[in-house]
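**Student:** Take a look at the letters that make up each chain.
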Amino acid sequence: MLEDLPILSIIAFLPLLGALVTLFLPQGGSRIIRFTALVFTFAPLLLAIALYISYEPAVGGGAFAEKLTWLSIPLNMDAGLSNNGVTSYRLLFDYRMGIDGISLPLVLLTGVVSSMAALASVHIRKRRKLYYFLFLLLQTGMYGVFLARDLTLFFIFFELTLIPMFFLIGIWGYFGREQAANRFLVYNGLGSAFMLLAFLILIATAGFSTAPSATGMQLTFSGSYEVLFANLSDPNAAANLNSAMHLSDPLKWSAFVLLIVAFGIKLPIFPLHTWMLKVHAEAAPPVVMIHSGILLKMGAYGLIRFGAFLFPDQLDSWAPVLATLGVVNILYGAILACAQKEFKLVLAYSSISHMGIVLLGVASLNETGLEGAVFQSVSHGLISALLFLIVGSLYERTETTRIDELGGLARVLPFTSGILLTAGLASLGLPGLSGFVGELLSFMGLFDAYPWLTAAGVLGLLFAAVYVLRSVLSMTYGGLPDRFAAVREVRFVEALPMIVLTALIVLIGVYPSIMTDIMSHGFDGMIKLLQPGHGG
Amino acid sequence: MDIVFSQYAWFAPLFPLAAFAVLTAMGRGLRTTGAWVATIASLLSFVLSLLIAIERLGDSAEDYTGRIEWLRAGSIVLHAGYEVTNLTALMLIIVTLVALLVNIYSLGYMKDDERISVFFGYVALFTASMLGLVLADNLLTLYICWELVGVCSFLLIGFWFRKPEARAAAKKAFIVTRIGDLGLLIAILLLYWNMPNHELDFTSFYNVFHSQSGLISTSLTTLIALLIFLGAVGKSGQFPLHVWLPDAMEGPTPISALIHAATMVAAGVYLVVRTFDIFAASDAALTTVAVVGAFTAIFAASVGLAQNDIKRILAYSTVSQLGYMMLALGAGSTTAGMFHLFTHAFFKALLFLAAGSVIHAVHTQDIREMGGLGRRMKITAWTFGIGALALSGIPPFAGFWSKDAVLAAALDDSPWLFAVGLAAAFFTALYMARLFFLVFMGKARGDARAYAHAKESPLVMTLPLLVLAVFSVAAGFVETPWNEWLGSWLTDGEEKGSFSSMVVISSIGASLLGLYLGWLFYGRTSAGRNPVAERLPWLTRLLERKYYVDELYELAFVRPLAKLGRGLSRFDEAVVDGAVRLVGSSVQAAGKLNTRLQSGQVQAYALYGVLGAVILILAIAGRRFW
Amino acid sequence: MTMLSSYLTLAAVLFCIGLYGVITKRNAVIVLLSIELMLNAVNLNLIAFSKYGINASLRGQVFSLFTMTVAAAEAAVGIAVLISLYRRRVTVNVDEFDELRR
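These protein sequence lines map, in sequence, to chains A, B and C. Everything in the first sequence is counted per the working numbering, starting at 1 for the first residue and increasing by one. Everything in the second sequence is counted per the working numbering, starting at 1 for the first residue and increasing by one. Everything in the third sequence is counted per the working numbering, starting at 1 for the first residue and increasing by one.
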């Protein structure tokens with residue numbers, strides 16, 4: 001049934017529709033605005049769950065793929081191809097959406113985290129209409145990024161996440177919000193520029209395909225992901241047409257490095273990480289939930305989708321570099337997290353550390369490690385969303401999240417403290433909770449090729465225990481400062497997302513197959529390209 | 001004989017797990033009802049374990065294995081499974097019996113705590129994970145449960161979360177044991193990539209390592225064994241990772257009995273026994289285990305001599321006895337190790353629970369403030385005495401037989417190990433005598449009113465003491481020089497115990513000497529003065545400060561790490577972010593420069609435009625003509 | 001060809017006069033007039049090319065009609081802006097209009 005509907009487009013554009021509806025609602029009706037936003041946030045989540053149920057990993061997502069011609073621009077050029085019977089040229093911008101075992105978990109993550117962030121937005125009291133408008137707009141961008149199968153479309157969605165996020169950080173954050181928003185925009189704008197450059201190189205050199213037309217053969221340049229993947233994975237694809245069209249090695253390398261930098265900023269990779277510290281510390285908690293829970297994962301997704309799939313050979317020779325960077329990320333983030341006094345910064349550095357594990361998974365270049373990277377992305381998305389949810393609730397009550405000012409909260413906030421402790425344990429990789437599985441798979445994937453680097457990465461788990469326990473225990477255990485004696489436990493509307501996220505963290509921790517099964521054939525196409533011996 | 005109950009062994013962890021789920025979901029509303037739910041769950045587990053054990057008492061009960069696929073990622077298939085062997089059946093009995101008794105005891109001990117249902121929930125979760133650890137048929141499942149028992153231990157140490165000491169102790173316990181856990185994790189990774197078919201279950205280990213097939217080189221085997229041992233060192237509080245265990249006494253006393261004496265800390269020993277095929281394939285690894293065990297045994301026993309907190313003394317005693325077990329394993333005798341684990345679980349749990357009964361009565365843990373309690377708490381004093389005798393290794397109590405087995409194994413391996421073990425036995429008897437005489441004999445030295453109010457604990461607390469006392473007396477007879485039943489049952493008759501009258505005589509001699517000296521110093525006069533300690537104050541201080549190990553770690557690891565953290569923090573702020581700010585500000589400066597051109601005069605802008613166009617035209621024209 | 005080049009030269013001269021006026025004159029009205037001059041130079045070009053160009057056709061003449069219309073509209077808007085500016089600032093001196101800077 002789902003196959004008959006353009007289900008992917010519906011998922012991606014329902015929030016946009018919601019954003020437009022929000023615009024027509026009265027400024028004062030905050031209740032109805034919130035209700036509308038919730039409806040249009042939960043609807044894509046339900047559809048994504050339906051999609052998850054009907055998705056069969058062995059078949060793949062082909063049945064759900066959508067393709068429409070969007071813009072077709074005739075080109076007037078002569079690339080000396082007339083001898084191949086090519087008589088006309090065009091530049092094609094397709095509207096292509098698709099899903100596979102890699103994007104589906106991330107789409108689900110987007111749905112869950114957005115919904116929970118929407119619920120958690122009760123604390124937003126300023127300019128609600130604009131807030132929810134931007135919030136919904138952002139969701140369309142995020143879904144689009146994970147669903148788009150055309151470079152141009154991907155780029156548009158990618159940028160669509162940037163602008164709403166800029167305003168969400170800059171208007172609703174804490175004291176240093178504007179600086180944080182600027183930092184965010186500058187860094188990510190730079191990343192987008194790199195990405196655009198890489199995409200242009202790809203479209204112009206590897207995005208060609210021929211088809212018979214009325215006047216003869218027509219050569220089409222497009223950013224279609226399938227075309228790119230086919231051309232790049234077939235060394236003879238260009239030679240058949242014309243040697244001038246061949247994507248030369250230096251060009252390939254430059255595209256690859258540009259992509260690594262572009263998505264490395266998003267992930268973030270050391271030393272490109274400082275922007276996200278500011279965002280973590282200064283943006284409003286629901287916004288950080290989205291940011292840390294989903295936007296960082298776009299970096300991981302991009303690395304896998306464009307780095308690993310399109311340039312497996314380049315990635316292969318850069319694997320030691322990426323693995324080293326991953327270990328640096330893990331240890332650097334973890335050690336710095338141990339030294340922070342502000343809980344939000346502890347979480348920010350812990351995100352850097354956890355994203356290092358994603359890098360390790362990607363660098364392993366085998367199915368185990370890559371699945372570990374995706375798993376870790378989803379798991380960290382849930383965990384950091386949960387942690388920032390708690391940060392939001394705490395800040396509402398205590399007006400500080402500095403760990404040296406808080407203490408003994410388990411007495412007045414037993415429920416929240418329990419959830420915080422659970423989230424902390426998940427974050428330090430306790431088996432039975434989601435964090436462990438992603439780490440285990442990434443380490444397992446990488447260990448065969450780089451045992452020493454992996455062992456160094458494992459050391460990060462020790463520091464994770466140190467910073468998590470240090471911060472969580474000093475906030476919740478010990479004596480309670482008098483000024484927090486009257487603090488009240490969370491309301492149901494705040495408790496609900498905490499329970500949902502905790503339940504999910506436990507679910508995929510105890511029964512990881514629920515996620516790994518849908519990924520199981522997602523990497524087949526890429527693994528085949530690698531030389532034997534990398535299959536794991 | 002048909003195996004029926006073994007098939008359902010996985011219910012054993014399921015009962016307490018269900019109890020944990022119920023207690024967590026229902027929250028604090030349950031109070032004592034919740035405590036009963038948890039107790040009944042542990043009773044069910046105990047009954048099941050008993051049935052399994054009885055079923056396996058027959059001569060040739062086959063091992064039963066059941067497994068499911070837990071995770072498939074790429075070429076990796078990870079299983080979750082359980083295995084019932086005689087070894088696991090023995091451990092099941094130990095764990096469920098102690099858990100049941102501690103549950104019953106806690107009904108009285110924790111009666112007035114407002115978070116009693118949380119407490120019982122944690123205990124239930126612990127019992128479930130510990131049973132999972134025991135039953136696990138492969139190293140990964142074991143590791144998962146291993147971490148879970150660790151976190152339960154952490155939660156329970158920090159149960160009284162308002163005390164800063166409890167918070168610090170919980171944190172320390174988790175982090176220090178985690179060092180060992182990482183070793184175990186790396187060992188798992190190594191094994192995974194080097195075992196044929198990536199198998200991680202214990203049967204495959206047996207097949208690969210026992211046959212000396214050479215599939216895995218000796219140096220790699222040693223590395224793997226040492227990494228596994230690192231995990232065991234962390235969990236079982238062996239030197240140098242023993243520092244967390246004495247601090248863990250900040251938790252409620254029943255927890256110290258269950259987790260930090262009888263079960264979880266023994267998990268390290270159990271792990272080594274479980275993977276003993278790997279150790280047996282590497283002499284270097286076995287030697288390391290033996291040396292670390294022997295050193296820990298005497299090191300901790302000597303520290304125990306100078307402590308004044310009743311629970312800390314017992315904690316150091318636990319560390320020392322775990323060292324004994326490791327010593328036995330390192331000497332190559334799994335039977336002796338498991339035997340000592342078995343008897344130690346009973347008498348150490350007994351000692352802790354009796355100590356809890358004392359603390360319950362006088363509300364202090366400092367033995368200098370106790371004294372003469374034997375007259376007010378008869379059952380506690382008698383059972384504690386039995387436990388002390390068992391621990392000291394006085395025949396016919398359980399500890400005597402198992403300690404003898406350990407010492408005999410040590411003598412087989414090396415006389416030096418034997419000598420160290422003997423010295424540790426002497427220290428053990430000495431500090432137990434000191435403890436017993438200072439607490440129960442003589443005159444009350446502490447608060448007179450507290451002494452007057454001190455009375456015997458209720459039946460729910462004394463009943464477990466009595467049961468454990470019976471075991472402390474009788475459990476040793478499963479393996480005696482004339483009846484090596486346990487050894488042949490555990491190892492299918494592969495291991496033979498060695499008996500030597502020299503061992504028996506010297507160990508009894510050492511223990512009696514220790515007890516006598518203890519009586520001489522602390523029992524005869526109620527003053528509790530130790531002439532040796534008075535002669536050598538520096539030695540006393542060294543022991544009281546526990547050889548300054550904590551201070552050394554603080555100096556060697558904690559502070560440099562904190563410094564590194566702060567230094568890197570500044571680096572991140574100044575250099576990494578500074579580079580970004582530099583780029584940002586240089587762009588801004590360039591922008592400022594350009595604003596000079598922006599006069600706001602439209603005509604000026606037009607002029608620039610024209611000039612630009614002219615340059616462009618000249619450039620194009622120039623390219624065409626030159 | 002000579003016809004074309006003389007037309008083009010005339011147009012270029014006209015354009016330059018207009019450009020000079022736009023850039024140098026202080027009076028906004030004169031600036032507007034100079035813009036008209038430039039537009040007319042362009043028109044002249046269009047018509048010249050439509051008569052003497054390589055692909056001679058009516059297109060250029062039609063286009064110049066459009067230009068004139070647009071120029072008229074543009075002049076109307078320009079004068080309107082100028083009048084409203086004059087009402088606010090009581091001057092037509094372009095040197096004093098540096099709003100763009102703020």
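Any given hint could turn out to be false.
Stated by the list, open to error - Quick list of in silico lysine-lysine cross-link-like pairs, DSBU-like style, CA-CA up to 35 Å:
| no. | chain 1 | residue 1 | chain 2 | residue 2 |
| --- | --- | --- | --- | --- |
| 1 | B | K443 | B | K378 |
| 2 | B | K111 | B | K163 |
| 3 | C | K25 | B | K592 |
| 4 | B | K163 | A | K341 |
| 5 | B | K378 | B | K163 |
| 6 | A | K341 | B | K111 |
| 7 | A | K252 | A | K67 |
| 8 | B | K592 | B | K163 |
| 9 | B | K455 | B | K443 |
Keep in mind the hints are simulated off the structure, nothing from the lab.
**Student:** The structure should be examined with respect to each hint, and the outcome stated for every one.
**Tutor:** Here is how each hint holds up against the structure:
no.: 1; hint: B:K443 - B:K378; in the structure: 15 Å, holds
no.: 2; hint: B:K111 - B:K163; in the structure: 19 Å, holds
no.: 3; hint: C:K25 - B:K592; in the structure: 29 Å, holds
no.: 4; hint: B:K163 - A:K341; in the structure: 21 Å, holds
no.: 5; hint: B:K378 - B:K163; in the structure: 32 Å, holds
no.: 6; hint: A:K341 - B:K111; in the structure: 38 Å, violated
no.: 7; hint: A:K252 - A:K67; in the structure: 27 Å, holds
no.: 8; hint: B:K592 - B:K163; in the structure: 58 Å, violated
no.: 9; hint: B:K455 - B:K443; in the structure: 16 Å, holds
The structure fails to meet hints 6 and 8 from the earlier list, while all remaining hints are met.
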